[in-house]
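> The primary structure of each chain is shown beneath.
Protein chains: 2
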Amino acid sequence: MTMTHSAIWQALQTHRQTLSALHLRDLFAQDPQRFSRYSLQAGPLFLDYSKNLITDETLSLLVSLAQQRGLPKAVEAMFSGEKINRSEQRAVLHTALRNRSTQAVFVDNRDVMPDIRRVLAQMDQFSTAVRSGQWRGYSGKPIEDVVNIGIGGSDLGPAMVCAALAADCDGPRLHFVSNVDGAHLWSVLKNLNPEQTLFIVASKTFTTQETLLNAHSARHWFLQQAREEKFIARHFVALSTNRAGVVAFGIDPANMFEFWDWVGGRYSLWSAIGLPIALAVGMQRFESLLDGAYAMDQHFREAPLHANMPVLLGLLGVWYINFFQAQTQVILPYDQGLHRFVSYIQQLSMESTGKSVTNAGQPVDYATGSIVWGSPGTNGQHAYFQLLHQGTLLIPADFIAPIRPRHPFTAHHPVLLANFLAQTEALMTGKTAAQARAELQQQGHTPERIEALLPHKCFAGNRPSNTLLFDTLDPYTLGALIALYEHKTLVQSLIWDINAFDQWGVELGKQLARGIEKELLEAQWTLPHDASTQGLIQWIRARQS
Amino acid sequence: MTMTHSAIWQALQTHRQTLSALHLRDLFAQDPQRFSRYSLQAGPLFLDYSKNLITDETLSLLVSLAQQRGLPKAVEAMFSGEKINRSEQRAVLHTALRNRSTQAVFVDNRDVMPDIRRVLAQMDQFSTAVRSGQWRGYSGKPIEDVVNIGIGGSDLGPAMVCAALAADCDGPRLHFVSNVDGAHLWSVLKNLNPEQTLFIVASKTFTTQETLLNAHSARHWFLQQAREEKFIARHFVALSTNRAGVVAFGIDPANMFEFWDWVGGRYSLWSAIGLPIALAVGMQRFESLLDGAYAMDQHFREAPLHANMPVLLGLLGVWYINFFQAQTQVILPYDQGLHRFVSYIQQLSMESTGKSVTNAGQPVDYATGSIVWGSPGTNGQHAYFQLLHQGTLLIPADFIAPIRPRHPFTAHHPVLLANFLAQTEALMTGKTAAQARAELQQQGHTPERIEALLPHKCFAGNRPSNTLLFDTLDPYTLGALIALYEHKTLVQSLIWDINAFDQWGVELGKQLARGIEKELLEAQWTLPHDASTQGLIQWIRARQS
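Residue numbers (my numbering), protein chains in the order written: chain A, 1 to 545; chain B, 1 to 545.
In case anyone wonders, no lab produced these hints; they're calculated from the structure. Do not rely on the hints blindly, as some may be mistaken.
In silico DSS-like pairs for lysine-lysine, Cα to Cα no more than 25 Å straight-line [claimed, not checked]:
#, chain 1, residue 1, chain 2, residue 2
1, A, K83, A, K73
2, B, K83, B, K73
3, B, K431, A, K510
4, B, K230, B, K190
5, A, K431, B, K510
6, B, K141, B, K83
7, A, K190, B, K73
8, B, K141, B, K230
9, A, K518, B, K518
10, A, K190, A, K141
11, A, K141, A, K83
12, B, K518, A, K431
13, A, K141, A, K230
Bound-form chain A, shown alone (with noise of 0.2 Å):
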């Protein structure tokens, strides 16, 4: 029996139904205590979750539904090292490379924990280094720059917290370079002293073609100036697993920062791939990020499923999707440093649950993933929130905020946390006709202006949101944020059935521009095309030459 003929399944259904006539006005009217009974603290985060259109009926049936799903079983196979990557037959342990508990990690019966902590210390030492200004660029100069080549997972987690820790930032100046386009190389190189710049390439095989292709440009462009080859190894480093490759390109072995078949790229900056954030912050408050996300580790596999925050945020995620048809989710995040944490989130969230088969391979007939997408406010206010609050379109919405601002203008702040509220507040309560009709009437318009104003004036409100709140955006605290998706995430997935530490989707894009690229540098046909994709390299090739 599928999933969606279970009675679990179908008890979920007609209670959506029987929804639709309430208004979650109504729901706050009838229980004073709705806000502190949908609402808990987990480590340094807290919820609110009680401004979405949910009963007591319908978390018991969620809560139940992740129980028949096998949920709490699927998380302890998750952190005791089970092979839960089961198309690639891999072990899923971002886990333990935050496990700050003296506890083995067991893969194939070998602790991973002593590799982890031995990587840990290198970046450490590598780090400090850097940031003592005891490592030298060729002609004895510190380094001032540090440039991240890398892409996806390589390059989203790094930089997000990078950005998200600004106030922390007090070693070289970090870059991010990732997309192929020679644009964004050369938007960041054109500024900087080859003499004082670190690049650190990020490819766990040393072969991602964006990636190589960038450091390759990024050699040459070091070499135009440094000339000789044997310089490349105080100005490149790695974070990868194939040792040949990165020797070839000039690299010193002895700063190849390794990480594991069971790190996903999407799950990786708590390993290796994090040193941009050790170079950026220093060592101890990259240590403090793992604390924060050992935290939420803790939480997730401790506390019961309807008090336990990322359980709670995948069932909520699951109601909206399943049960109201919401294609999207929108992460608002009223922190001006988080404006990469979206980005982030997106292919945290999307590349994992963007599948159509079942874990067995079975197709799937009920929707998986939705699309994560959102901006820092207030920007989002002055531009789509138009559609949030008056469009056709039910939107779930995390809106998160720091209490304390890490910034001198303290006047602002308020301001900030105000329209936070107020906007959580306005897609909920909405304004009624006669709410905007006395409005109209106290602005002394005609009784003719009124009326033709009034049904654009009006909200229907009753559109969902959770709060998160936190004191202040530190590294402890934004650890244990990202480790709150990464788990909401894995809820989802579970219940879906579906694999979330694969990605076969992006294989078949990659082996067709393999071929077209020959096709355009060659002028010559290696494949078949559409019609479309024939044309299209035809109009390219006559505009090339």
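Following the hints, position chain B against chain A.
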């Protein structure tokens, strides 16, 4: 009779059902001319729309829908200055801002062109003075950095254009501050020298809360070093219509650049709001941007509906939103310079179409608008493309690329373009089980492993996309590209009979924020709130003190 009950709408619904059985692969196989029939050139832009889920019948029905909704007449009404923004009783004349002909444009019997030309001349004079170094800061040094302070339309347009035209930026460095989070302003100011910094305060009313707070903090920061208030006039200019407010701030009214009530915020980069662009790339290139938009305006106004690029894009949008329940539209510029383009189109589209009532105030019974998201390729391929290829959602995609790059790393561009083309091909053709099986066999897997992997390696394909190509991203081309999306948005709003030019949905949140701000600062209740909002305010208050 509502639109959804009309014969044409019903015909589209029936037709959509017949298409369910078809695969794009088959449509291409059946028709060797599909590419040449479903592609067209408009100004500098080439559009291939053959990889859409359409046939001749689809297009003919959609064009009929446009006719029946009175599209051509409504378009002329906009160009000729009629007050088509009915709820605000205003004309909509961003097209007049780039009217490069000698023809007059009348609003209330007054030609607006002389005013437009006067402000263009003022922008020319000022930007030339700053760029040439003739304009000096208070200590006698030329301007090296310009900070634009604005939000929404007063930020997204100029910021996007300056990023896109990076290769043309030969003036002072441009910075953009929008978010009221003080971290945004701080991240910019901490690296600047007040002696050589010019601030542009962009707010039509000169009362926008975020912009004025940022402007006053910038003013304070400036005066900490400059000391004398008379120096403000050398370092602050305004894009506004509020002369009294501007003068009170300390700005010389000669440096107030005006625009008019028929310029909507999200359509304003062609007006004085474009001053940062003129400073960054020079007035000549800014005028070339206008020229490109004007070329698209002419095409939009004159081309028959079935060969009209904005009309086709708009109708395809309606097709997916209303007949395939697509809630989103992904935009994928394969050009790093367009990294702000998606945010720009997001506002343009979502603030314009996020409405639930018709112009006459009737509730709609169809979806309006969709969520615009995306990022420059090839980054997305390593992030969320997994969901595009193998997820359960239909996501119409616009792929955009220049044939020639504007940077020195020329080896990168064929790789970028090959990926660009390969993705549209992969999304459309997919990979069948037979193809996947053959590949797995060739790779030497065991029969058991092949059966286990096979479902994960298949791609359904049949996922629609548009491809937009152009020679290179110069100002003229960019102008045409932006105007294309503006008119696409208008077309959709005309089909849906909604007002693309108001934004009443942003008011409620602002209203509520004013009260909450007092509650946070003075710890007194001014408003009744739901238990959630009240609980959150108390939670913050308790931790602030």
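> If a hint holds in the structure, say so; if it does not, say that too.
Now for the hints, and whether the structure bears them out:
1. Proposed proximity of K83 (chain A) and K73 (chain A) is supported: the alpha carbons are some 13 Å apart, at most 25 Å.
2. Among the hinted pairs, K83 (chain B) with K73 (chain B) is consistent with the structure: their alpha-carbon atoms are about 13 Å apart, no more than 25 Å.
3. For the suggested pair K431 (chain B) and K510 (chain A), the alpha carbons sit about 13 Å apart, so the restraint of at most 25 Å is met.
4. A hinted pair counts as satisfied when its Cα atoms are at most 25 Å apart, and K230 (chain B) with K190 (chain B) qualifies at roughly 23 Å.
5. Between K431 (chain A) and K510 (chain B), the direct Cα distance comes to roughly 13 Å. Compliance with the 25 Å bound is thereby established for this hinted pair.
6. Simply put, K141 (chain B) and K83 (chain B) have alpha-carbon atoms about 47 Å apart, too far for the 25 Å limit, and the pair is violated.
7. Annotation: proposed proximity of K190 (chain A) to K73 (chain B) is violated, straight-line Cα distance about 50 Å (limit 25 Å).
8. Restraint check for K141 (chain B) and K230 (chain B): the C-alpha separation of about 16 Å stays at or below 25 Å, so the hint holds.
9. Simply put, K518 (chain A) and K518 (chain B) have alpha-carbon atoms about 64 Å apart, too far for the 25 Å limit, and the pair is violated.
10. Straight-line distance between C-alpha atoms of K190 (chain A) and K141 (chain A) comes to about 19 Å, which keeps the hinted pair within the 25 Å bound.
11. A C-alpha spacing of about 47 Å is found between K141 (chain A) and K83 (chain A), which places the hinted pair above 25 Å, so the restraint is violated.
12. Among the hinted pairs, K518 (chain B) with K431 (chain A) is consistent with the structure: their alpha-carbon atoms are about 21 Å apart, no more than 25 Å.
13. Between K141 (chain A) and K230 (chain A) the alpha-carbon distance is near 16 Å, which keeps this suggested pair within the 25 Å criterion.
The structure does not agree with the numbered hints 6, 7, 9, 11 stated previously, though it agrees with the rest.
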